[in-house]
Amino acid sequence: MSATSPDFPGGLHPERPPHPLLPHIAPVFVGLGTTFAFPILQAAGEAQGTGVTRFAIRTTGRLETLIVKPAVVPLLLMGVGLIFDDHTGYRDDFPLWLGVAIAWFLAAFTLSSVVQRRNLSRAPQLLDGTPDDAPLPAGYLAHAPRIRVVGAILGASALGILFLMVWKPGQ
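Going by my numbering, 93 is the number at position 93 of the sequence shown; the sequence numbering is gapless.
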């Protein structure tokens with residue numbers, strides 16, 4: 001089997017690094033995949049009371065700081081690198097679906113960094129001063145739906161972008 005044969009396993013070629021998409025896709029699964037646990041943590045905490053909710057919100061913040069945000073850096077760098085890779089052809093013929101996916105990603109990243117970060121920063125403040133075994137305070141109960149709605153928008157965005165990246169409409 002030759003390296004230029006169409007049936008060469010996985011389209012691998014000895015002169016190219018194996019799976020050039022892997023450094024772009026891995027941060028998606030590790031970083032963005034982690035975010036799908038956030039609403040589960042929030043709901044589980046709220047079902048158990050103030051102390052567990054406080055722990056869930058702080059855990060979400062730590063996961064975001066230690067896993068999600070660092071994963072965005074290689075995701076962006078490798079994505080830009082793939083655009084300019086001679087093998088993708090995107091440098092010469094930039095597809096509309098990719099432009100939409102990039103704009104959507106940047107909008108979701110901004111929503112996460114500005115709005116959701118503020119929502120999540122406010123949540124522990126609303127829980128402070130309330131004993132761990134006490135019911136959730138009214139201020140938190142009024143604020144929690146904002147976290148859920150923005151989280152749902154971000155989750156739908158991640159799935160929509162993934163859909164565009166896999167389907168590649170028009171190609």
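Please note that the accuracy of each hint is not assured.
For lysine to any residue, the following SDA-like pairs were computed, each having C-alpha atoms within a straight-line distance of at most 20 Å [to be verified]:
(1) LYS168 - ILE102
(2) LYS168 - PRO39
(3) LYS69 - GLY155
(4) LYS168 - VAL114
(5) LYS69 - ALA142
(6) LYS69 - LYS168
(7) LYS168 - ILE25
(8) LYS168 - LEU21
(9) LYS69 - TRP97
Note that these hints are calculated values from the structure, not bench results.
Okay, the hints, checked on the actual structure:
no.	hint	result
1	LYS168 - ILE102	holds (13 Å)
2	LYS168 - PRO39	violated (29 Å)
3	LYS69 - GLY155	holds (15 Å)
4	LYS168 - VAL114	violated (29 Å)
5	LYS69 - ALA142	violated (27 Å)
6	LYS69 - LYS168	violated (26 Å)
7	LYS168 - ILE25	holds (15 Å)
8	LYS168 - LEU21	holds (15 Å)
9	LYS69 - TRP97	violated (25 Å)
In this structure, the earlier hints numbered 2, 4, 5, 6 and 9 are contradicted, and the remaining ones agree with it.
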